[in-house]
Structure formats: C-alpha cells, structure tokens
Amino acid sequence: MAARPDEGTAPWLDPKAQPYIRIENVTKKFGEFVAVDDVTLNVYRGEIFCLLGGSGCGKTTLLRMLAGFERPTSGRIFIDGVPMEGVPPYERPVNMMFQSYALFPHMTVEQNVAFGLKQEKLPRDEIRDRVAEMLSIVKLNGLEKRKPHQLSGGQRQRVALARSLVKRPKLLLLDEPLGALDKKLREHTQFELVNIQERLGVTFIVVTHDQEEAMTLASRIGVMNQGSIVQVGTPHDIYEFPNSRFVAEFIGNVNMFEGRIVEDEPDHVTIDSPDLGGVIYVGHGVSTAPDAIVWAAIRPEKMVLSREQPPGEYNRASGIIKEIAYMGDLSIYIVQLDSGRRVRVTKPNTYRHAENELTWDERVWVSWDESSSVVVTE
Amino acid sequence: MANPSYVTLGQRILAGLDKALTTVMASPPYRWSQGILRRAGVTGRTLVIAVPWVWLLIFFLIPFIIVFKISFAETRWLGSPPYAPIWEWVEGHALHVKITFANYLFLLSDSLYVQAFLSSLKVASVSTILCLLLGYPMAYGIARADPSWRNTLLLLVILPFWTSFLLRVYAWMGLLNNHGVINQFLMWTGIIDEPIVMLQTDFAMYIGIVYSYLPFMILPLYSNLEKHDPTLLEAAVDLGCRPFRAFLSITLPLSKPGIIAGSMLVFIPAVGEFVIPRLLGGTDSLMIGRVLWDEYFLNRNWPVASAVAIALLLLLVIPIVIFQRYQLQEASGEQQR
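Chains A and B supply the protein sequences, listed in that same order. According to the numbering used here, the first sequence is numbered sequentially starting from 87. According to the numbering used here, the second sequence is numbered sequentially starting from 463.
With the rest of the complex left out, here is chain B (with noise of 0.2 Å):
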C-alpha cells in the first residue's frame, strides 16, 4: 500500500486477524491439535476461519431465518406462540404451508409504520450530521496534537464507555429535567425565571443520540486523520494555497473515507436506537425502534413486529452494500499499478 490513508477499516481488520492467525500457527499445541486433524481430514485453517462462520450462524443467521419465518406467519391472538405455524402436517399426512404477505402490506397501509420509518431516517441522519460536525473538528484536532497528548485525548474520547450506556442516558435525564442541574443553574444566574423545558424533547433526543454515537465517529476519523502526510499541506500552500482552502481541497477529499465509515458507524445504530427516544425523547417521538418494541410487548402482535424487523434491516443492508462497494472500489484502485 502506497498510500496508507487509503487502507479501509476492513482491511486493517483482516491484518490484524491475518497477524493473529500466524501467532496461532506458530504455537506448539496448535501444531499438536492440528497433527491430529489433519489425520481426520481437517486442516487447521479451514478449522480457524470457521469460527467466525459457526458465530454467525448460531448468533446472526438461524436467529434472521426465525425472524423471517415469524414475519410471512399469520396472527393467532390467543395462545403461545402468539403465530400461526407455517406449516402442518393435516391429519398426518398432507403437508399444509400458510404463507402470508399480510404483515408486510400492513406496515404499508398503515401511515403510522412509513412515518416511523421516515421520523427515523431523520433523526439517524441528522444525528449523523451533528456527529460530523462535532466530531470531524476534534478527531482534527487528536490528529494534529503533540503526540505525546495524542493518546490521552483519545483516551478521553472513550472514557465513556466504561460508564454503562444506559447510565449515562439517566445522567442526562438529571441534567435536563426541570429540576435539573442545568434548569436550576441558569435559575440561579437570573437568566431565566421559570425551568426551560428539554426533557422529552426533540432536542433531548438528540442530545442523547448525539453524545453516545459521538466517539464513533471520532475514532474512525482520527484512524484517518493522523495518517494524512503534513507535507501534502505544504505542498499546496507552497503552490500558493492558503491553509483553509487547502484544507478543504486536500485534507477534506482524502478524509472521505473516515468520514463514510464514521457516518456509517453512528447512521445504522442511530437509525434502530431505542432507549434514547425513550428515555429522553418526546411521548410523541416515533421511532421504529419504539415502534418494534411496542409491537412485540404492547400489543404481542410478533408477525408484525418481525416484519418490521425485516424492513429495518434491509433499509440498512443497501447503504452497507454500497459503502462496501466504494471500499472495494478505492481499494482495488490502489493495486492498480
């Protein structure tokens, strides 16, 4: 790689994995096991790579196929499971299937599931928005810091999480409920005589979603940032560039893909976020995640629900799909030599 501001995130994965996998080999119970298999006609190869195959298909595919099945079964309002089966065997020897798309045309017919899909996509991108234009200036500036410094502000940027999530949400209710810390503060300054109201807002909402989803975005983007060349900057001053304008010509364009991976990051997480409309957003917020919830335990109605389950996760499939298509492009452009 000529250019290290092009590896993708994959990419330095599978090095990573690549250099994991030759420290195994290289161990003497490795090699033992594997004298073994390779009497059984297993090599230790094939054995490693499935790991990850055998996870995905306990943790990720047989729970989809369930899911899947659930969302073309019918509703049976009484009794457990509350679906019909899909199949059955009639009087013990015909074999009847009842599939139905019925699930899927009533999220269509009915508004409230469009619009909670729609209410979502905004609040993910807009969230995704603010994300950039938080995030992009620190990840900057760790980038550009004493070196020495680099790793305390990163370490700072991921202080959070060794807090639970759902903590931090419940700190933030503390903060912005009218009794708060914030209410009470500018009450006391004078500012303002009577409590602002920012709990169960839009606005707290995104508060939430903005503040959790932040590092992701930052990390992937300093992951970029810090391995810019400086000289390249230079290079288009000296050329008669003045600093913004260069920033925006060279460091701008070469961060794209920091910036693609770190959206992506805070858009798909943020586009199914639950407990924060929840917890801090408005009665009124609708979320399909709210929605999904509430379908399953509210009204038990799980055909419905895992249809919306379906839709959710194929409207997140396609930008994945096309993010994976640009890395292979940018990457394949790279061997190009």
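Just chain A, with the same shape it has in the complex (with noise of 0.2 Å):
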C-alpha cells in the first residue's frame, strides 16, 4: 500500500539530498503549556510523511503551524526552501485537507472544488477543466451539483481531498484523513490515497493517532510523545526497531521484560530476566553500562508455543494458557508464565482443522528466536 520502495524513493538516506520541507527547532507554548517542544524534521518531496501520536501529543499543533494557523513560539519552517515566517495561510504553498472534512454546505461539489481556484482569479474555462479533472481522479463524476449533505462519508471525503488537490499545492497536510470512514472503507481509501498521492507526486503530512493508518499510507513515521519526536523511520524500522519502551508500546502489542544486563560482547548480550524467569540471549550488542537496567521487547507473533521444552537455555519459559481468542486468521494465547508475568502469543490459523490444538490450562513453553528481541535502554 505504501508508496514501493524503488531506487530513489528513500532519499531520507541519501546525505546530498535536499529536504522539502525543513522543521528547525520549532517549539509552540499556549501559556505555560509546551504543546511542540524543539522538533526538527526534514521531508522529501514526494513523500507520505504520518505524525503518529496519541491525542494531545502536538501532532495537530505542528501540522497547524505547517498550514499557517499557528505561528511557533521559536524555531523555523522552510517549504522548498522558503522561510514561512509571517506568511499567512492564504499565500502558503499548503492545502489542507480538515479531519471533519470542512466542506462548504451551501455550495456544490462543484463550487466547494472550484473556491480555491476561484481565489487565484483563474479563467473560467481553466477552472471548470481543473474541476471536472480532479473530480474524476477521486471519482466523483456525476455528483457535480450535489450538496454535501446529500454524500456519503466516503464521498465527502473525496471532494474534500479534490478541494485540497485541486490548487496543486507543494505539500498537502491530511488531519487524520480516514478518521470519519468505517472499518472497510478505510481500507480501500488507503489504496485510492496511495495511488492518487503516486499519481499526482504532492508530498503528504498526515496526521493519525491510528497506527493501522500510519502503517499502510506511509514512506516514513514520526511518532510523536509529549511534543517531541520521539523516532522517525519507515513503518519496518519502527516496528522491527523501537528505539523506546514508548515507540514498542506505542506501535503494536509487544512483550516486555525486564532485566540486567549480565554479558556484554560486541556480537551478544544476555541479560537476566527475572519478569521473565530466565536468560534472555539478544543477537547483537547493545551500548549500555554493565549492570544497568533495560528491557528486551518481542513482538507476540515471533513467539512460539510448544509442549515440549525447545532446546538451548535461553529465550524461553514455561506457563499455562489462560485465555485464547480466536480472531479468524489468527489466534492470540495469553500465556502465564511461572514468573507471573502475562505474555501475549500469536499464532496464524494456518489449517481449516487442526486437531490436537492447544487449549486453556494447558502448560506450554513459549520461546523465541534470539534474533526476535530488540532491547531498549529508556
């Protein structure tokens, strides 16, 4: 779904390549209260850039400040190279597309596209043609001269996506654009989004406290906390690698145990779990004081259950079943492990039948691969 990794499409790792979009130590205080405290971000053209956070996180504010309604408290934006100070949201490069969507109610489709050409005193002809070309991008042709009481959500989202698209903005910025639309709607816009963004090579600022939403429509992630970008990466790289106990929590279920460190080598780490109950072996080093305390994250379905002891000393504990949810492609055990800790499992339902299948109060092992763990020091 998200835009295919090809040649050049990660520009975040070329060194000589020019952001589009330059955040320079912005902060934004209301009063007392940081709401974005000292972000720097830089975005490549093109690129399907989700603001993930939880609300009040200062996601909204930072997009708010992109769009012009908020100015920061400190720090710059750039937009291709141009600094947005005291450039109001009329004369910005920037469209928006409003989580509620903001259509106009008293103006048609047609009329709530064509406001913002309208504004740029185009010719008649130019505007109708833009019009009538965006709205056969999103789909809408034939819904012209309706009100947008009379569309559905899935089409009012649309025409506010036209109206936004239309002015052919430098950067478009979608606040939590799929929020609105039920569960399988939302899926098939994610595709029509991806595609349309492909097509039309504006770069997206999404906004999204859903992590589905980040996962599938973006090239990069920041996850945001408290004001601050707290990692930014492509969905693999913060999913795979959290940098923190928040980003792990955050994005996804995930296992957590607590230990010290008790070996330390370059290729290795062991770290006594007593959460756990064992030896947790991590494949790759970690620089981190001796001794100190950190927490080794798994991820639910890079787990395995078995009945029998799996071999080796590390990366294991036994515990008893205490509940199993069948979700239709997949199973999720929780799992008690002797330390009394809960584990979360899952396990694909790969046959129709499976017989002799695990089942409540039944005492397992559960282990996992000493690639599997990430560990993290905060």
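Source of the hints: derived by calculation from the structure; they are not laboratory data. Accuracy of the hints is not assured; some may be wrong.
[Unchecked claim] Here are the simulated lysine-lysine pairs, DSSO-like style, with alpha carbons at most 27 Å apart:
1. A:K270 / A:K433
2. A:K225 / A:K269
3. A:K225 / A:K256
4. A:K256 / A:K204
5. B:K689 / A:K231
6. A:K233 / B:K689
7. A:K207 / B:K718
8. B:K481 / B:K689
9. A:K207 / A:K233
10. A:K102 / A:K256
11. A:K433 / A:K269
12. A:K231 / B:K718
13. A:K270 / A:K225
14. A:K204 / A:K225
15. A:K204 / B:K718
16. A:K204 / A:K231
17. A:K233 / B:K718
18. A:K207 / A:K225
The two chains are supplied separately, each in an independent frame; assemble them into the complex guided by the hints.
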C-alpha cells in the first residue's frame, strides 16, 4: 500500500538530498503548556510522512503551524527552501484536508472544489477543466451538483481531498484523513489515497493517532510523544527496531521484559530477567553500561508455543494458557508464565481443522529466536 | 440533522415542545388522567395538542372574525355599537344581510391610508436594515467571544426587557428633548449654542424603533452564528481566501436563515408600531398604527378601523408565508439524503 521502495524513493538515506520541508527547532507554547517541544524534522519531496501519536501529543499543532494557522513560539519552517515566517495561510503553497472535511454546506461539490481556484482569479474555462479533471481523479463524476449533505461519508472525504489537491499545492496536510470512515471503507480509501499521491507526486504530511493507518500509508513515520518526535523511520524500522519502550508499546503489541545486563559482548548480550524467569539472549550488541536495567521487547507473532521443552537454555519460559481469542486469520494466546507475568502470543491459523490444538489451562513453553528481540534502554 | 446551522427557529421550538410533551407524558398524574380520558374516548395526545389550538381559537381566531365582520359593516354615527349589524331579522321572519365593501374602497380612495401604509412599510424597512447593520456585528462579536463571556453579553442584550417598554421610550424622551441630557451635554462642551431639535422627529422615531427591536435581531442571528463551524473559515483561508472575503463567501450566506428570522421579527412589529412614533416621532409622522388608533378612538369609525387592521394583517401575512415556504424548502433540502 505504501509507496514502493524503488530506487531513489528513500531520499532520507541520501546525505546529499535536499529536504523539501524543513522544520527547525520548532517550539509552540500555549501559555505555560508546551504543545510542540523543539521539533526538528526533514520531509522530502514526494513523501507520505505520517505524524503518529496519541491525543495531545502535539501532532495537530505541528500540522497547523505548517498550514499557518498557528505561529511557532520559536524555530523556523521552510517549504521548498522558502521560510514561512509571517506568510499567512492564504499565501502558503500548502493545502489542508481537515478532519471534519470542512466542506462548505451551501455550495455544490463543484463549487466546493472550484473555491480555491476562484481565489486565484483563474479564467473560468481553466477552473472548469481543472475541477472536472480532479473530480474524475477522485471518481466523483456525476455528483457535481450535489450538496455535501447529500453525499455519503466516503464521498465527502473525496470531495475534501479533491478540493485540497486541485490547487496543486507543494504540500498537502491531512488531519486524520480516514478517521470518519468505517473500517471497510478505510482500507479501500487508503489504497486510493496512495494511488492519487503517486499519480500527482504531491508531498503529503498525514496526522493520525491510528498506527495501522500510519503503517499502511506512510513512507516514513514520525512518532510523537508529549510534544517531541521520539523516533523517525520507515514503518518497518519503527515496528521492528523501536528505540524506546514508548515506541515499542505504541506501535502494535509487544511483550516487554525488564532485566539486568549480565554479559555485554559486541555480538551479543545476555540479560537476566526475573520478569521472564530466565535469561534472554540477544543476537546483537547493545551500547550501555554493564549492570544497567534494560528491557527486551518481543512481538507476539515472533513467539512460538510448544508442548515440548525447546532446546537451548535461553529465550524460553514455561507457563499456562489462560486465554485464547480466535480472530479468524490468527489466534491470540495469553500465557501466564511461572514468574507471574502474562505474555501475548499470536499464531496464524494455517489449517482449517487442526487436531490436537492447544487449549485452555494447558502447560506450554514460550520461546523465540535470538534475533527476534529488541533491547531498549529507556 | 447533519448541519445544525440550518435548523430553523420553528424546528427548535418543535423540539422543545416535543421534550416538554415527553416529560408530561411520563408523569403519574398524566397517566392517571389519561386512563379516565381513554375510557371517555379522548387520548391525552389530542388533549395536549388541543391546548394551543384552543388558545389560538379564543384569543386570535374569534377576535379576528369579529374584526373581519365589522370591516364589512356600515358605519353608524350614532348609537352603540357604532356600526350597523350585518344581519338582522326583519319583522321576525326575513333575514336581512347587509355587506359593504365601502370601508375597503374608502381606504383606497383616501390617499391618507395608502400613504400611511407606504410610510409604515418604509419606516419598518429602514428600521430593519438599521437593526441588521447594527445587530449583525454585535451578534457576530458575541458568537465569537470567549464562551465564558457569551452568556454575560447575551444577558446585556436582553437586560432592557426587564424594564417596561414604555418606561424606556420615556427615557429616550428625556435624553432627546431640547433640555435633555444630550443637548445639555453638547451645550456644556460648547459644540453647539442652541439645542438641536431631536424629539418629535423621524430621527428620534428611528432611534426608538431600532433601540427597542435590536434584541429581536441579535438573538436569532446569534443563535445561527454561534453554531457556525470555525474550521469552515480556516478551510476558506487555507484555500487562498483572505479573511474578509471568507466572511463574505462563507459566513454571510450560511447566516441567511438567521438574517431572515431576525428581519421578520423586527419588520413585522415595526410596521404596526404605534407607541414609538406617537411619543418620539413628529406630529406629521404617518404610521398605520397611529391611523388605526385615530380611526378607532377619535373618529369612532369602527368599520374603517377594522378594514385598516385586516389590510395590515394581509400585508404582513404575505411575507410570513414566503418566509415559511423558504424555511420548509431549506428543511426538506436537508432531509434529502
């Protein structure tokens, strides 16, 4: 769904690439409250960049500063090399798709989409052609004369998208673009949004609290917490290599074991974890002080359940299955380890009829590969 | 309702009535009495709906019919009542009906009445426009004010109603007359040497009408503007629209129902206004309300006075019907989903 990682679609890895949008040490305070705290961020041309975070993490404030509705308390924003200080929203090469869509209720679909072009005082013919073109891109042909209240939620979302794209902005800001749609429509719309973005080549910055939305849309994700960006990376990086407990727990599910580093070698670490009731062996080095308290994070789908004791002496623990949730494509097992900790393990339902299936209150072993865990220090 | 800015005044009143109805119907005395009524073949719902009907019948329809009837009677200069009966039993067995259109024709023949109607419409229109020009920024200001201030500001708008209307008009007389506060102040500052004649002029009359009816303009406008979604304006500005143009192309058209409701509430009573022109306006100010009064109490010509009243009513009913139709269209457009 997300932009394919072709050659040259990862400009953030190229040290010579010029960022298209540059956010430099931007801070925004509302009175004493720091909404955005010293954020520095580069976004490259043609990216779909997702700002992901819970409510009140400052992601919307950051978006509103890009649109020009809020002024940074300190720091600067550049779009295509031009500083945005003192540039009012109506003069920025930026358009926004609002969470509520903010369609003008007294105007038809056509008038809504044409509104931005009319402000540019373009010739009537050009406006008509561009509106028609944009409406066909978002597949709204035939609905030109409808008013917003005569449209379904999905159609409104597309009108809002068309209205914000028709001005050919350098940057499109999307505030929870799929938030108001139901689940089936969301998945469909995610595809469409990415297709349209690839076709028009506009840079997108998307704000969302929904990690699934971020994972499917984004070329890169910036995870925000309490006004700061805590990690920036591709969806894969963010999911597989979270840099903190916050990111690991915010994206997807994770089993987190607290422990103390026993052995700290360049190629591996061992962690003694009373939380697990055993020793964790991690197949990569960690740069931290010996005896430091660390956390090992293991995703539920990377854990294996078995009746027999797995070989080796690390990365395993025994426990009792307390709960099973059948989800169709996979099943979730909650296992209570002998240490008292509950862990979450998922297992794909590969076969329709599985005989000798694990069941409630059964004693099992939980284990994982040495390359599956990630060590985080904060 | 997807867009609350289109909810009409009527719909809001209906919603309120509906809520009241539900509360009443849940109460034990109601259910108890309903049991009795049902045995008598009357449902409680009919009874509740009947209350406004009965009210309108007694206090509006019946007086209207009486006035309507008198307007077709002949004037009788002596005796009481001062009009000839429309039907009479002649010698005990023949029904004698006498209907005359002379009173209505008289209204047309004497230019005084036509002029009074026209000048009333003019005064009401000018007052409505002045109220709109003054009231719109005030309503907008209140709607955009900090929520903690809004109720206080609204209270200030309504506050004058807590004093008698007549008293407030008299207060204006005190302010505007030749030895009044305004003239004395201006003379004290030396701006003028002689008092400006303000009382008994059109100027004073407009001040009185605009002052008295301004809240009726502000309140419906406020209730409309307050529900506007501020992100619509942000969206307009984001699409390259300067803030003032955004107001003209978004806020103004969306406040149309509020403008119409407020204008109706000012225009309709202003047409028939009697007290303010009488007390503040000049002796030559010709308002239909004043003509009506004179016709009734000075000339004691009840049939002509009734004809004036009926004509006035028709004059006002037409814009109300147009307004109603407009609101209905708006509402049915809203329901097309």
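A quick look at each hint next to the structure:
{"no.": "1", "hint": "A:K270 / A:K433", "result": "holds (24 Å)"}
{"no.": "2", "hint": "A:K225 / A:K269", "result": "holds (20 Å)"}
{"no.": "3", "hint": "A:K225 / A:K256", "result": "holds (22 Å)"}
{"no.": "4", "hint": "A:K256 / A:K204", "result": "holds (18 Å)"}
{"no.": "5", "hint": "B:K689 / A:K231", "result": "holds (25 Å)"}
{"no.": "6", "hint": "A:K233 / B:K689", "result": "holds (19 Å)"}
{"no.": "7", "hint": "A:K207 / B:K718", "result": "holds (26 Å)"}
{"no.": "8", "hint": "B:K481 / B:K689", "result": "holds (21 Å)"}
{"no.": "9", "hint": "A:K207 / A:K233", "result": "holds (23 Å)"}
{"no.": "10", "hint": "A:K102 / A:K256", "result": "holds (21 Å)"}
{"no.": "11", "hint": "A:K433 / A:K269", "result": "holds (23 Å)"}
{"no.": "12", "hint": "A:K231 / B:K718", "result": "holds (21 Å)"}
{"no.": "13", "hint": "A:K270 / A:K225", "result": "holds (18 Å)"}
{"no.": "14", "hint": "A:K204 / A:K225", "result": "holds (22 Å)"}
{"no.": "15", "hint": "A:K204 / B:K718", "result": "holds (22 Å)"}
{"no.": "16", "hint": "A:K204 / A:K231", "result": "holds (17 Å)"}
{"no.": "17", "hint": "A:K233 / B:K718", "result": "holds (17 Å)"}
{"no.": "18", "hint": "A:K207 / A:K225", "result": "holds (26 Å)"}
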